[in-house]
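Novice: Chain by chain, the residues:
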Amino acid sequence: MDALHNLALGFETAGTFYNLFYCFIGVFLGTAVGVLPGLGPLATISLLLPLTFGLPPETSLIMLAGIYYGSQYGGSTTAILVNLPGEASSVVTALEGYKMARKGKAGLALATAAIASCFAGTISTLLLALFAPPLSKFAMTFGPADYFSLITLGLICSIILAHGSLLHALGMIVLGLLFGLVGTDVTSGVQRFTFGSTELFEGLDFVIVAMGFFGIGDIICNLEETYKRTALKQEIGRLVPTRAELKQMLAPAVRGTLIGSVLGILPGGGALLSSFASYSVEKKFSKERAEFGTGAMAGVAGPEAANNAGAQMSFVPMLTLGLPSNPVMALMIGAMIIQGIQPGPGIMTAQPTLFWGLIASMWIGNVMLLILNLPLVGVWARLVMVPYSYLFPTILLFCVIGVFSLSNSTFDVYLMALFGLLGYFLHKLKCEPAPLLLGFILGPMMEEYLRRALILSDGNLSVFFTRPISATLLVASVLLLISILLPSVRKTREVAFEDTDG
Amino acid sequence: MKILQSRNREFWVGFLFLALGGLSFGMASHYRLGSLKSMGPGYFPIVLSLILLAIGLGVVFKSLTTEGEPMEQIALRPIFFIITAVLVTGWTLTHLGAVLSLPLLLGLSALADRELKIGPAYLLYIVAMTIMAVLLFVKLLGLPIPLFGTVFR
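So the sequence lines, in the order shown, correspond to chains Z and B. Residue 1 is where the first sequence starts when you use this note's numbering, and the numbers rise one by one after that. Residue 1 is where the second sequence starts when you use this note's numbering, and the numbers rise one by one after that.
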């Protein structure tokens, strides 16, 4: 069993005291920051990124992965306790989880979320270990044209998850692609869109854009919406579920894990899509479907499992293809590049300890989350109540220090302010930032693969349709685009978002 | 001028796309275009700009033909103080150093929040937060942020 051997190597790497310690710190800090209202995984990872700069590559990635899971769990905690989902993927948890909390079952909802997440994490770690090597081998056969088409598919996928009009989302993608081109063109050495500023020669840093949008931009938005700040005091109630309750959450958790594992692998998929899908499935098929809307446990267990499995599986395209399927993975790639690692099909053979160590740490992180969170629920509940007036200056401070220390540059801080302003106005115009961020990180890759594909084909565009992989991916993109435009799908999408906006 | 009066949100989205698409088209047209066979630095950006302009036109067209929602109010106070706080800190971090610059950041940003009263509690928070940030980032993590800036040298 190759997978077992590889996992053993992974546990050897992740299991050293040093790595376990940083995994713990990551999970702990990730949860602590993720619990704070209004801070989703992307913001949390950006804020905590500077903490990993001084660590060796394996350790820093293990810690970042811990921060990611922690922040997701923290987001669910906030969603359940005060109905303030920090980001879109815990919106679904808030639907049923908050209702449970209102019925005095906050503790049970939190335990359900933790147990379902841990269950999903365990299964998807195994799946990851089984499927990553063959996928990575398959990825080796990808030519530039295939990569280009895969990126196209990923970008189209991101539209499904964006609120509002299709045209807005398309525009945001193209805008993101253009932002991604800022800096020196690798092939010709020409400076593009730099306005003559030397600081922009190396391009815009993803962390600056993300912190501008999700740090600064969000603060300005939150400050004008005062209603968001009133938090309710909540009785936590019984934590440990009974045997019957455990049995009740098993089926939704299994379904959620399967949904998350499949959807998480897709480019543009990941946690968000998975939890939405799982919620609709449970609403239709669960035994508890009559209780939906009044605090159904299946509505917490399913989406939480899907959310976690999706988050974990979205590491697959990132690690095997070097393509981020969502903004969080884009940030992880950014962090890897800072550490001098280039993700791609070669990483598994070139750096097996890093690769398998990261995968093993995912399981360790999930177990830690479970052990850590149940006893600490009281602490998290108190953190949720931190008044925003003290919270936002602290976030601002972390943003400024984080961006400044990327390359000790004052210019970067100014740039972040600019993107904060842009983020605020885009929010006001109801344009979602996620497609823009994905376009931003994929822009340079897309151009490079397009260029290479066309050099190889002697300028013949038909190459994208004659290669089977590429043709399949492009057909899938077109079908997806058409399906978004179909009235029936359009309606469901609107309803799905309306459901969760309330 | 129905558009400007109704302050249609859709119209401004289209306007933003058109403006940025136009700007990038203008800049990219100075880069060598090349051909499909060997794309120059201008090829991809030009294509993207044209797509963005087309989308922008589509959105503007839609905004003129359908009844859109009006723009929401823009909150000037948070924008002004948050952005000012970030810019001022950016400048003072190297010039004055973290010990003075961080309290400045926390103080200025507090002005953005109408509900926050800057009293003894907030001043205590500023002092505590500054000490914590210096200990965590500069002492513990060793990030090269100057405690005292160039003015003191």
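Just so you know, these hints were derived from the structure itself, not from any lab. Misleading hints may appear alongside valid ones.
[What the hints assert, rightly or not] Taking lysine to any residue and the SDA-like style, the derived pairs with C-alpha atoms no more than 20 Å apart in a straight line are:
hint	chain 1	residue 1	chain 2	residue 2
1	B	Lys37	Z	Arg452
2	B	Lys37	Z	Phe465
3	B	Lys117	B	Ala128
4	Z	Lys103	Z	Val240
5	Z	Lys430	B	Glu67
6	Z	Lys430	B	Ala128
7	Z	Lys428	B	Leu18
8	B	Lys117	Z	Leu391
9	Z	Lys287	Z	Glu225
10	B	Lys62	Z	Leu166
11	Z	Lys430	B	Leu16
12	B	Lys117	B	Lys62
13	B	Lys62	B	Ile74
14	Z	Lys428	Z	Leu167
15	Z	Lys430	B	Lys117
16	B	Lys117	Z	Glu225
17	Z	Lys247	Z	Leu258
18	Z	Lys430	Z	Ser165
19	B	Lys62	Z	Glu432
20	Z	Lys287	Z	Glu245
21	Z	Lys284	Z	Ala251
22	Z	Lys428	Z	Leu266
23	B	Lys37	Z	Gly189
24	B	Lys139	Z	Leu29
25	B	Lys139	Z	Leu406
26	Z	Lys137	Z	Leu266
27	Z	Lys247	Z	Phe285
28	Z	Lys283	Z	Glu225
29	Z	Lys430	B	Val60
30	B	Lys139	Z	Phe11
31	Z	Lys103	Z	Arg289
32	B	Lys139	B	Val99
33	Z	Lys137	Z	Ala350
34	Z	Lys428	B	Lys117
35	Z	Lys287	Z	Leu246
36	B	Lys37	Z	Leu481
Novice: Each hint should be assessed against the structure and marked as holding or not.
Specialist: Each hint, compared with the structure:
For the hint pairing Lys37 (chain B) with Arg452 (chain Z), the CA-to-CA distance comes to about 9 Å; that is within 20 Å, so the pair holds. At roughly 17 Å between alpha-carbon atoms, Lys37 (chain B) and Phe465 (chain Z) fall within 20 Å of each other, so this suggested pair holds. A distance of roughly 17 Å separates the Cα atoms of Lys117 (chain B) and Ala128 (chain B); the hinted pair therefore holds under the 20 Å criterion. Simply put, Lys103 (chain Z) and Val240 (chain Z) have alpha-carbon atoms about 16 Å apart, close enough for the 20 Å limit, and the pair holds.
The suggested pairing of Lys430 (chain Z) with Glu67 (chain B) holds, with an alpha-carbon distance near 16 Å, which does not exceed 20 Å. This hinted pair does not check out: Lys430 (chain Z) and Ala128 (chain B) have alpha carbons roughly 38 Å apart, beyond 20 Å. Note on Lys428 (chain Z) and Leu18 (chain B): the hinted pairing holds, with a Cα-Cα distance of about 18 Å set against a maximum of 20 Å. Between Lys117 (chain B) and Leu391 (chain Z) the CA atoms are separated by roughly 14 Å; this keeps the pair inside 20 Å, and the hint holds.
For the given pair, Lys287 (chain Z) sits about 39 Å from Glu225 (chain Z) by alpha-carbon distance, which is inconsistent with the 20 Å threshold. With a C-alpha separation of about 12 Å, the suggested pair Lys62 (chain B) and Leu166 (chain Z) falls inside the 20 Å cut-off, and the hint holds. A distance of roughly 13 Å separates the Cα atoms of Lys430 (chain Z) and Leu16 (chain B); the hinted pair therefore holds under the 20 Å criterion. A hinted pair counts as satisfied when its Cα atoms are at most 20 Å apart, and Lys117 (chain B) with Lys62 (chain B) does not qualify at roughly 45 Å.
Only pairs whose Cα atoms come within 20 Å are accepted, and Lys62 (chain B) paired with Ile74 (chain B) is rejected, the gap being roughly 23 Å. Pair hint Lys428 (chain Z) plus Leu167 (chain Z) holds up; C-alpha atoms about 16 Å apart against a cutoff of 20 Å. With a CA separation close to 32 Å, the supplied pair Lys430 (chain Z) and Lys117 (chain B) exceeds the 20 Å bound. Using a Cα cut-off of 20 Å, the hinted pair Lys117 (chain B) and Glu225 (chain Z) holds, with the two alpha carbons roughly 18 Å apart.
Only pairs whose Cα atoms come within 20 Å are accepted, and Lys247 (chain Z) paired with Leu258 (chain Z) is accepted, the gap being roughly 18 Å. About 9 Å separates the Cα atoms of Lys430 (chain Z) and Ser165 (chain Z), which keeps this hinted pair within 20 Å; it holds. Using a Cα cut-off of 20 Å, the hinted pair Lys62 (chain B) and Glu432 (chain Z) holds, with the two alpha carbons roughly 19 Å apart. With a C-alpha separation of about 13 Å, the suggested pairing of Lys287 (chain Z) with Glu245 (chain Z) holds against the 20 Å cut-off.
For the suggested pair Lys284 (chain Z) and Ala251 (chain Z), the alpha carbons sit about 14 Å apart, so the restraint of at most 20 Å is met. Proposed proximity of Lys428 (chain Z) and Leu266 (chain Z) is contradicted: the alpha carbons are some 30 Å apart, above 20 Å. With a C-alpha separation of about 18 Å, the suggested pairing of Lys37 (chain B) with Gly189 (chain Z) holds against the 20 Å cut-off. Taken as a hint, the Lys139 (chain B) and Leu29 (chain Z) pair is honoured in the structure, with Cα atoms around 19 Å apart against an allowance of 20 Å.
Restraint check for Lys139 (chain B) and Leu406 (chain Z): satisfied, since their Cα atoms lie roughly 17 Å apart, inside the 20 Å limit. Under the criterion of a C-alpha separation no larger than 20 Å, the hint pairing Lys137 (chain Z) with Leu266 (chain Z) is consistent with the structure, at around 17 Å. A C-alpha spacing of about 16 Å is found between Lys247 (chain Z) and Phe285 (chain Z), which places the hinted pair at or below 20 Å, so the restraint holds. Annotation: proposed proximity of Lys283 (chain Z) to Glu225 (chain Z) is violated, straight-line Cα distance about 31 Å (limit 20 Å).
The suggested pairing of Lys430 (chain Z) with Val60 (chain B) holds, with an alpha-carbon distance near 15 Å, which does not exceed 20 Å. For the proposed pair Lys139 (chain B) and Phe11 (chain Z), the alpha carbon gap of about 32 Å is over 20 Å, so the pair is violated. Distance hint between Lys103 (chain Z) and Arg289 (chain Z) is fulfilled; the C-alpha atoms sit about 18 Å from each other, no more than 20 Å. Among the hinted pairs, Lys139 (chain B) with Val99 (chain B) is consistent with the structure: their alpha-carbon atoms are about 13 Å apart, no more than 20 Å.
Simply put, Lys137 (chain Z) and Ala350 (chain Z) have alpha-carbon atoms about 13 Å apart, close enough for the 20 Å limit, and the pair holds. Only pairs whose Cα atoms come within 20 Å are accepted, and Lys428 (chain Z) paired with Lys117 (chain B) is rejected, the gap being roughly 27 Å. For the proposed pair Lys287 (chain Z) and Leu246 (chain Z), the alpha carbon gap of about 14 Å is at most 20 Å, so the pair holds. Simply put, Lys37 (chain B) and Leu481 (chain Z) have alpha-carbon atoms about 28 Å apart, too far for the 20 Å limit, and the pair is violated.
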